[in-house]
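Number of protein chains: 2
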Amino acid sequence: MADPHAHVGRTLADPDTPFAVVDVHKVRRNIERLSTRAARMGVDLRPHVKTAKSLDVAALLHDGAPGPITVSTLAEAEAFADGGYRDITYAVGIDPHKLPRVLALLGRGIALRVLLDSREQAEFVARASREARIPVPAQIEIDCDGHRGGVKPEAPELIEIGRVLHDAGCLDGVLAHAGESYFAFTAEEQRRASDNERDTAVTAAERLRSAGLPVATVSVGSTPTAHFAEDLTGVTELRAGNYVFFDLVMAGLGVCRVEDLALSVVVTVIGHRPEYGWIVTDGGWMAMSRDRGTSAQAQDQGYGLVTDLAGNAVPGLVMTAASQEHGTLTARDGAPLPDLPIGTRLRVLPNHACATGAQHRGYHVVDGSRPAAGPPEIQDFWTRVSGW
Amino acid sequence: MADPHAHVGRTLADPDTPFAVVDVHKVRRNIERLSTRAARMGVDLRPHVKTAKSLDVAALLHDGAPGPITVSTLAEAEAFADGGYRDITYAVGIDPHKLPRVLALLGRGIALRVLLDSREQAEFVARASREARIPVPAQIEIDCDGHRGGVKPEAPELIEIGRVLHDAGCLDGVLAHAGESYFAFTAEEQRRASDNERDTAVTAAERLRSAGLPVATVSVGSTPTAHFAEDLTGVTELRAGNYVFFDLVMAGLGVCRVEDLALSVVVTVIGHRPEYGWIVTDGGWMAMSRDRGTSAQAQDQGYGLVTDLAGNAVPGLVMTAASQEHGTLTARDGAPLPDLPIGTRLRVLPNHACATGAQHRGYHVVDGSRPAAGPPEIQDFWTRVSGW
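Protein chains in written order, with this note's numbering: chain A, 1 to 388; chain B, 1 to 388.
Derived from the structure by calculation, the hints contain no laboratory data.
Where hints are given, some of them may not hold.
What the hints assert, rightly or not - With a straight-line Cα cutoff of 20 Å, these simulated SDA-like cross-link-like pairs (lysine to any residue) come out: (1) B:Lys152 to A:His272; (2) A:Lys98 to B:Gly343; (3) B:Lys98 to A:Asp16; (4) B:Lys98 to A:Ala13; (5) B:Lys152 to A:Pro15; (6) B:Lys152 to B:Arg207; (7) A:Lys98 to B:Arg10; (8) B:Lys98 to A:Pro15; (9) A:Lys98 to B:Pro15; (10) B:Lys152 to A:Gly277; (11) A:Lys98 to B:His272; (12) B:Lys152 to A:Pro274; (13) A:Lys98 to B:Asp16; (14) A:Lys152 to B:Pro15; (15) B:Lys98 to A:Tyr276; (16) A:Lys152 to B:His272; (17) B:Lys98 to A:Gly277.
Please put together the full structure from these sequences, using the hints given.
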């Protein structure tokens, strides 16, 4: 695909498969839903752009303005800075080796915050700030549920880290992420995960403040907790990323409906193995990723659920196996294996939008709100930021 | 990483992590091993370039000459044709929509073979060949063990397909792939898988020949069967791809040793959670892929085994969990969790080289045969072909 833009004005029947498609109508609707929730709770939204990694998707987040964002790599920070974004949180624990790139962005006037959870990192950040005479704003990661990094809100180290940062003019705030929300399968459990995320972050902030260490930002969020939170008192900002596209993992958690999934992969039928009950496509794990996030859920969705080219579900058809460039579709729930000739195009809804998106250079864009007699028209091609 | 070549002449301590590294010494050794085997069995080798997707790696396959190769996408076929390769098999069942690109390559004088396993596809290929007045050479995929596409060697359709292709001047041969070899855990089982792959392909070729349909190519192979085959009588060419890098899945199958793994990912320690027994790194699934191929093997290797920057194993240290940009390392087999300060760089050996390579734009190259006092020197940067 030498020139992705050559496809603009064509339909989903045109580009060679497999390729990724985004329904901009669903993206807008998903964004509107969370923006409305955040506004109602009186909290700022700082969307994580790591899912779409697209300036075009990000342009829909804040009504076209380059508002606050969260990133997962410095490559994203740099690409979004180039695109006009000036308020960025880099939400992966800082590697001291990366501080020169952080300082370069700060030197360009970008308000870039880093994350850390150790005194060792805080000292690296403080030293780099003093040497460069540019304070690197830093947030302390708070562990609310034992799923990744962070210090416990009651840990003595919290205050030590806060003091090292404060003395260097670097302390910005605290940040928590409810990893547990990916294992919370009822609204009640999700609300508990959200309350716990909030309480942990606010407790940590209050401890720091009681020690005379000012805390500006109290940041919480994950796509599930952001959608189930009811009361974010004490929190200053909410993060979520996956919700722009959603995926089958989120549908399995009850955060969205399958109809809300905005990202899919167009594949072509290239074979039939009726003796095994298989339809074979040209979309394997290279197109879908190896992510099998729903395998831990009540309803395992294989590598994805299948729709027709217009996005209507093909009942019971699931992509159950993948090799590099082959996908295997099978029928379940007593559904018959549909009669789909060689060359038929389908769309596969992924387990995990972040992982599936990453397998593609960008997204062909359709607008599901525009009725089409034939295959949906391609409105645009949105490129992705990649690398680190 | 704006200019990957800017890293040449530096060491593995220099580029920001995570990044992929290839040890060219191991690549050469792995290539030499299979080339010697194939020569001893008197069979041509047609390496699959889908693992490395790199012209630089391919240049090592045939002593620098652009010899016969197998590809998994037309993007690879086009990139390798641009690089001087003129003898290419595209080993994924042909989607009729892609025939214009196949014909364009044939029109450039590239001997490009397509694969198919249905009369429907054969008729598309025959029609396109007649319309373009360029016969599209085609191989019939033979199912030897029920793992993907293919027709059974005894199926009546085999002869029908052969005739449709022959009448259009398109019949080139047959191709089988022993998917079962990925589930064969002893040398005896591997040899059985290899014998079966050979017997199935040769039987299919003989049936076609008995029907008056000439078969030039009898192609078999997978990395496991290629390394366990002892007798390939009747076979004209052997395919294998993964072996240039190897990976933990192959080591688990006994095809190679862990020391033969040529691809790894350099990551940095960014946190410690002693209360959970974790070391946290900046290499998550974005850097490693979501592939967990060893989870089905006797020894589950998590997301990968850990070595130091020079490539020496850190005993018992395994990457057991991943989020997008975080990796969690834990100790097993009673090994103590090593004391690795923030900023320590490590290398992680992947489950599946094809999947891990695909997460990167290219490979920083080191030469493990050159002793180094400090971190290994970067010799080169090899880019990858991506997309479809």
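Here is what the structure says about each hint:
{"no.": "1", "hint": "B:Lys152 to A:His272", "result": "13 Å, holds"}
{"no.": "2", "hint": "A:Lys98 to B:Gly343", "result": "10 Å, holds"}
{"no.": "3", "hint": "B:Lys98 to A:Asp16", "result": "7 Å, holds"}
{"no.": "4", "hint": "B:Lys98 to A:Ala13", "result": "12 Å, holds"}
{"no.": "5", "hint": "B:Lys152 to A:Pro15", "result": "32 Å, violated"}
{"no.": "6", "hint": "B:Lys152 to B:Arg207", "result": "11 Å, holds"}
{"no.": "7", "hint": "A:Lys98 to B:Arg10", "result": "16 Å, holds"}
{"no.": "8", "hint": "B:Lys98 to A:Pro15", "result": "9 Å, holds"}
{"no.": "9", "hint": "A:Lys98 to B:Pro15", "result": "9 Å, holds"}
{"no.": "10", "hint": "B:Lys152 to A:Gly277", "result": "15 Å, holds"}
{"no.": "11", "hint": "A:Lys98 to B:His272", "result": "18 Å, holds"}
{"no.": "12", "hint": "B:Lys152 to A:Pro274", "result": "12 Å, holds"}
{"no.": "13", "hint": "A:Lys98 to B:Asp16", "result": "7 Å, holds"}
{"no.": "14", "hint": "A:Lys152 to B:Pro15", "result": "32 Å, violated"}
{"no.": "15", "hint": "B:Lys98 to A:Tyr276", "result": "26 Å, violated"}
{"no.": "16", "hint": "A:Lys152 to B:His272", "result": "13 Å, holds"}
{"no.": "17", "hint": "B:Lys98 to A:Gly277", "result": "26 Å, violated"}
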